[in-house]
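Peer 1: Since chain A is already given, all that's left is putting chains B, C and D on it; use the hints.
There are 4 protein chains.
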Amino acid sequence: MTSQNPIFIPGPTNIPEEMRKAVDMPTIDHRSPVFGRMLHPALEGVKKVLKTTQAQVFLFPSTGTGGWETAITNTLSPGDKVLAARNGMFSHRWIDMCQRHGLDVTFVETPWGEGVPADRFEEILTADKGHEIRVVLATHNETATGVKSDIAAVRRALDAAKHPALLFVDGVSSIGSMDFRMDEWGVDIAVTGSQKGFMLPPGLAIVGFSPKAMEAVETARLPRTFFDIRDMATGYARNGYPYTPPVGLINGLNASCERILAEGLENVFARHHRIASGVRAAVDAWGLKLCAVRPELYSDSVSAIRVPEGFDANLIVSHALETYDMAFGTGLGQVAGKVFRIGHLGSLTDAMALSGIATAEMVMADLGLPIQLGSGVAAAQEHYRQTTAAAQKKAA
Amino acid sequence: MTSQNPIFIPGPTNIPEEMRKAVDMPTIDHRSPVFGRMLHPALEGVKKVLKTTQAQVFLFPSTGTGGWETAITNTLSPGDKVLAARNGMFSHRWIDMCQRHGLDVTFVETPWGEGVPADRFEEILTADKGHEIRVVLATHNETATGVKSDIAAVRRALDAAKHPALLFVDGVSSIGSMDFRMDEWGVDIAVTGSQKGFMLPPGLAIVGFSPKAMEAVETARLPRTFFDIRDMATGYARNGYPYTPPVGLINGLNASCERILAEGLENVFARHHRIASGVRAAVDAWGLKLCAVRPELYSDSVSAIRVPEGFDANLIVSHALETYDMAFGTGLGQVAGKVFRIGHLGSLTDAMALSGIATAEMVMADLGLPIQLGSGVAAAQEHYRQTTAAAQKKAA
Amino acid sequence: MTSQNPIFIPGPTNIPEEMRKAVDMPTIDHRSPVFGRMLHPALEGVKKVLKTTQAQVFLFPSTGTGGWETAITNTLSPGDKVLAARNGMFSHRWIDMCQRHGLDVTFVETPWGEGVPADRFEEILTADKGHEIRVVLATHNETATGVKSDIAAVRRALDAAKHPALLFVDGVSSIGSMDFRMDEWGVDIAVTGSQKGFMLPPGLAIVGFSPKAMEAVETARLPRTFFDIRDMATGYARNGYPYTPPVGLINGLNASCERILAEGLENVFARHHRIASGVRAAVDAWGLKLCAVRPELYSDSVSAIRVPEGFDANLIVSHALETYDMAFGTGLGQVAGKVFRIGHLGSLTDAMALSGIATAEMVMADLGLPIQLGSGVAAAQEHYRQTTAAAQKKAA
Amino acid sequence: MTSQNPIFIPGPTNIPEEMRKAVDMPTIDHRSPVFGRMLHPALEGVKKVLKTTQAQVFLFPSTGTGGWETAITNTLSPGDKVLAARNGMFSHRWIDMCQRHGLDVTFVETPWGEGVPADRFEEILTADKGHEIRVVLATHNETATGVKSDIAAVRRALDAAKHPALLFVDGVSSIGSMDFRMDEWGVDIAVTGSQKGFMLPPGLAIVGFSPKAMEAVETARLPRTFFDIRDMATGYARNGYPYTPPVGLINGLNASCERILAEGLENVFARHHRIASGVRAAVDAWGLKLCAVRPELYSDSVSAIRVPEGFDANLIVSHALETYDMAFGTGLGQVAGKVFRIGHLGSLTDAMALSGIATAEMVMADLGLPIQLGSGVAAAQEHYRQTTAAAQKKAA
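Taken in order, these protein sequences are the chains called A, B, C and D.
The first sequence maps to residues 1 to 396 in this note's numbering.
The second sequence maps to residues 397 to 792 in this note's numbering.
The third sequence maps to residues 793 to 1188 in this note's numbering.
The fourth sequence maps to residues 1189 to 1584 in this note's numbering.
With the rest of the complex left out, here is chain A (with noise of 0.2 Å):
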């Protein structure tokens, strides 16, 4: 293990050098209003990436499943009804935390390449006469499969319903990476973390609450006390934490927010977009297919590539391992064995992307698939050479 190689898994991402200096610090006192001055920057900053001017947003030491429990443990009550889609590992963790937190979680089986299937919702919406759900979940970009949900056909659901629900959002492997608009959407609890889009080491479960889900707060009767946000925000007010802040990670995402506000949230995106086609036709002229059953479904910051019928594509994840010291991803739960993943999202450049489909390419033909050398990585390379700064400007 050279720790040499930029690592393919859907996240914690390759963290940049000024993200790892941020991070590593020596103690300071988070009593002191040096705290303060790192804190409010980054909350600051992380309304801009999540594109709210309403939301509060909260930083608890944990991950984007404690960002999940955050969520629901601070506005829902025990037998309390939640509407969510399962298409995918992530989604259906969240809906087995709900159940265990004793929610009454009515949930739409949908296929492992699809989206959240926001038709189906506006139909169990608008047939909850009584407003019974209280929650919609959703999940932005299931880093299972490589697929991105259409979160605004979503919330068109809720309006056409007339359904006074919340909105949930897990867009742990979306936001920083691709498009999310929290207030436009109205997106009620938005929920990421420290290691994907914000290219800091994991730790943080990054949280966004609308005015309407700080309401529900009130009347929560999930106990809690480590998540809970009303501790949060008294600390937030004197510049502290109910507890030991992850000092470090606070700084390092003042970094990372600083760092994507000056790209730019739409450079950073369509950074991410295209880097991501590269990947995508790579694997076209590979001749296999996502997981994701629609262009419009492609997640622009993990492709889910679907090996032959009968192929163990654990194989590949195992052999890149252990042969070539490269990381990528396996399928999880119902695509287990079907699926290998190649994390595209963070700080990527066009050589780290080709590195990576280089690798595959050797791995797959080691291991007997009839992939032709090469063959991906000149597709890849001509998508990078098409679209660099300089020829979009030839072209323009």
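To be clear, the hints were calculated from the coordinates, so they are not data collected in a lab.
Treat each hint with caution, since some may be false.
Lysine to aspartate or glutamate pairs mimicking EDC-like chemistry, simulated, CA-CA at most 16 Å apart [said to hold, decoys possible]:
1. 393(A) x 1076(C)
2. 394(A) x 1114(C)
3. 1581(D) x 718(B)
4. 1582(D) x 580(B)
5. 1186(C) x 322(A)
6. 1269(D) x 1302(D)
7. 447(B) x 580(B)
8. 1185(C) x 322(A)
9. 162(A) x 119(A)
10. 447(B) x 579(B)
11. 1582(D) x 762(B)
12. 789(B) x 1292(D)
13. 840(C) x 975(C)
14. 393(A) x 1114(C)
From the structure, some residues in chain A lie toward chain B, with a derived Cβ separation under 8 Å [unchecked claim]:
15. 12
16. 24
17. 62
18. 64
19. 100
20. 101
21. 222
22. 365
23. 367
24. 370
What you are looking at is a predicted structure, and each value in this text was computed from that prediction instead of being measured.
A virtual CB, placed ideally from N, CA and C, is assigned to each residue, including glycine.
Peer 2: The following block gives chains B, C and D in isolation, referenced to the frame of chain A:
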């Protein structure tokens, strides 16, 4: 803020160079075998630090507060009875957490400055003929008051009462700094964090479960997902995590345990005692008293120092920060304004300790307290001189 | 500039994480015994890398150029005769340095792309009946042309001529990457730097002196102080330096030698050869030629690649940097504009090498060269696949 | 060795976090424009620190000793006459270097503890009617004795004698810590290093050449290549170096100059004076004397402290290291065993300084010197208290 001064808050501690470097690492694939080779030695190392061979250790991306929540949600059900003592801010907060989770807490109000009242516990437990009390909570080291409690005495109280209650111990600011004997003392759950005796950045809750505690997990009905140790145990068995693990901190924990065990636990405790004794000699020379009311209660990881009546101790902390860029701890809760705290845990040299003592003297003199400059330093110097390894050898 | 792409200049190389961390250290007292415990293992490590038991090694805060100056000023006097060959920019510069120091240099003009002409050396040395030639200079690996010379052959030339001249070898871009046998080849002074095979930042000249070279020091009259090895030797004997030593780099050198020797010198050389062969397979697939005119001259640390007549090779380097943020080497001196260089020394993985090859393909295609995208990558992939450890084991 | 104590050698200094991070960087292409964007601001920053608008600055991968060699080899020819004073180890070494380079050095033996004898220089220069003396050497701050010399007085001596000799000043341990005015004092070559006032690791010689010194380069016949400023100037004009530049240190120098200039040079000097005055107050309280014989000679970067007759000062240094892991400086040359040195240059806080003073007290007491524990600390505390920014503001 130069970041060059040592900090004297009672954690997070000054992070030694080697821990900084172990934590600061490039992203690896946390689903690869590489991660397992990092995780298991860390778990084994923690067991040795806890002095347990029987317990199972769990590492959550969280804090000590999350460790408390792990303890109660994995073992208890709504309405369960808990016995505790309130003798400082941190015991208070754990009680508060229990109440917010719907537990029925009997707590003994104990003067802040006293330890856990094992005698009273014995009476209460003996009176609890029906064994309704499921858990006894004890704070080994009250970080707010600098009071170390006698956990062996609590165990004796349980045994004398022939009571089957579980014993949960908050060792956040003792473990790794002061003697802790999980197996010998019959501790069922031990809770600590990365940022104290382990000398790491914050971000890890470290929790040990005895076999008896593990049994309780099966029947506990408090909702939990993020902190569910069953998911965690399943993950560990597969060299993984139920979500993204805090890889850098786990790598750091490994380095930390290696260092602690190489130095030898008893040597680590003796080192803390030696440094703490020097600080206490200084306090004595200043004519001030500790919050802890008797020597056997003196904590070797933090000293809470009472200031003269009518003087606001918080001024010491703010003046130290603003004028000398040095961080001490304020008083919390009942003792806010009445004490200031000098943390002396983790990796601290004589010179570092003396710099804190010397700065405290300047601060108190600046604020008009009748402190003779150099007096506390001289007392500490005398202690340090006479207890160096060389001096000890000579004396022997 | 993301700093995330590997660099493909022929040094400084990509610095592995562990070397970065070894170099980046807090200040220590360089007059304390701590320094000696760092220095002497580094000196011993270098001796093993040089394959010498007899030589003395000196480490100057300088560069390879400073190493050359160390060699000549410590052994020669104004007007002394030196024999050399000019077959590239670095041999040219060493000759220039000799002339600027008042030495009388006989040099054989040799085509750039050829190696040191041992036959011509033998003729010249044989003709030098009076043994006026004091030193023979040889550049083991011409970084400018990617040509490896046969130092054993130069030794044979000296022996055949029964000539007592000293043999000084520039191994800046070979030592630690390609086989170098100081004792066996009778090398009297070997010169290298920290930033090539040792994978460290620049800043150290590393020089080995044979016993015969040490004797010459006594009579040498070229002025020297900074580079005087007598002061250095006196310092080393006292665990110190005649001036402030570059402590971090020496600590790094220690780590570097440990890593190289743990991998095994022959394995390190084989690894370089394997990576280099993949690059050469790509060059061949592109229909291009190396500057080195025969396979036995091919360097395993850098390839200088000839571009078609009339095409400016510098465009490749500037376009790669501007468009793909990737660094290749330009041609220097006689071959400026005629070649571009791919450095492949130090710690480089298959994936890293492929990313360089793939980027070079995009660059050449962008600039209108008749390169088929993916062609070089496919050739290199094929080579890498067939020569992985696993493939080798299978074949055996 | 914990590496957590500050060091009190008179350089290398304690490296602030931000300098550590600036130096520790991944490899970049030093022939790319990126390097020029690092180099030129560093050169400009140094000019401001030197208080020169006319000089050209050169940065060699070397040390202060290399800076001396740069000065003489670029401006002088064998047999040239040089005037100097020998009042400490570093002035002695520069004289020795001149002699080893064949220069004809007239030097004034000056008591160690005195400064450069400007009066004697004036007499000698006045007597040199033929203007044979080409260069006057002066050591601004004798690191061995803690003596600051009056460079303006040396300039006045030259002017009074109407002598055209060049003035070369060793400012290794003064520049960046104490006032230095290259243009105003008519300094022709100023020499320093990275590891003192610039707070960086060692490895850079920093040299400024006045226009008059640049003229002398054309006729100088001492051999030089590595240190030839003509090659360096040619390189800089092309954003490059004649050999591999120490990129990390240059990046660090940039950060260092930014920090120094942001603080303000006069503030930096005042800060050094304040910290030094505290150390001197401690020395006085101990009943000891400085090596520097008069207050106007006291160095603000290092104090050499005389121990009682018959006591071996080296014991202080070795005992401090072995027992308290703290590094002080030994006496050198004539004052070996008679003084020990406390370095107080670079980034040092009150608390750091007090930790050094307190440790020195313990050491001296351990060794039987009649030192009252806390006495020096109290004197320094008093000084620091009364000179904090807040105290100053109040007094005003």
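Peer 1: State for each hint whether it applies.
Peer 2: Status of each hint after checking the structure:
1. 393(A) x 1076(C): Roughly 33 Å separates the two Cα atoms, so the pair is violated.
2. 394(A) x 1114(C): Status holds; Cα separation ~15 Å.
3. 1581(D) x 718(B): Holds, because 14 Å separates the two Cα atoms, which is no more than 16 Å.
4. 1582(D) x 580(B): Answer violated: residue 1582(D) to residue 580(B) is near 58 Å, above 16 Å.
5. 1186(C) x 322(A): holds, 15 Å
6. 1269(D) x 1302(D): Measuring from Cα to Cα gives roughly 24 Å; hence the hint is violated.
7. 447(B) x 580(B): holds, 8 Å
8. 1185(C) x 322(A): holds, 14 Å
9. 162(A) x 119(A): Between residue 162(A) and residue 119(A) the Cα gap is close to 14 Å, so the pair holds against 16 Å.
10. 447(B) x 579(B): holds, 7 Å
11. 1582(D) x 762(B): The given pair, whose Cα atoms are some 12 Å apart, holds under the 16 Å limit.
12. 789(B) x 1292(D): Given that 16 Å is the threshold and the Cα spacing comes to 56 Å, the pair is violated.
13. 840(C) x 975(C): holds, 11 Å
14. 393(A) x 1114(C): holds, 14 Å
15. 12: Because about 5 Å separates residue 12(A) from the closest Cβ in chain B, which is inside the 8 Å limit, the hint holds.
16. 24: holds, 4 Å
17. 62: holds, 6 Å
18. 64: With Cβ-Cβ at 7 Å, under 8 Å, it holds.
19. 100: At 5 Å from the nearest chain B Cβ, residue 100(A) passes the 8 Å test, so the hint holds.
20. 101: holds, 4 Å
21. 222: For residue 222(A), the interface hint holds, since the closest Cβ of chain B sits about 7 Å away, which is under 8 Å.
22. 365: Since chain B brings no Cβ nearer than about 22 Å to residue 365(A), farther than 8 Å, the hint is violated.
23. 367: violated, 18 Å
24. 370: violated, 27 Å
Of the numbered hints given earlier, the model fails hints 1, 4, 6, 12, 22, 23 and 24; all others are met.
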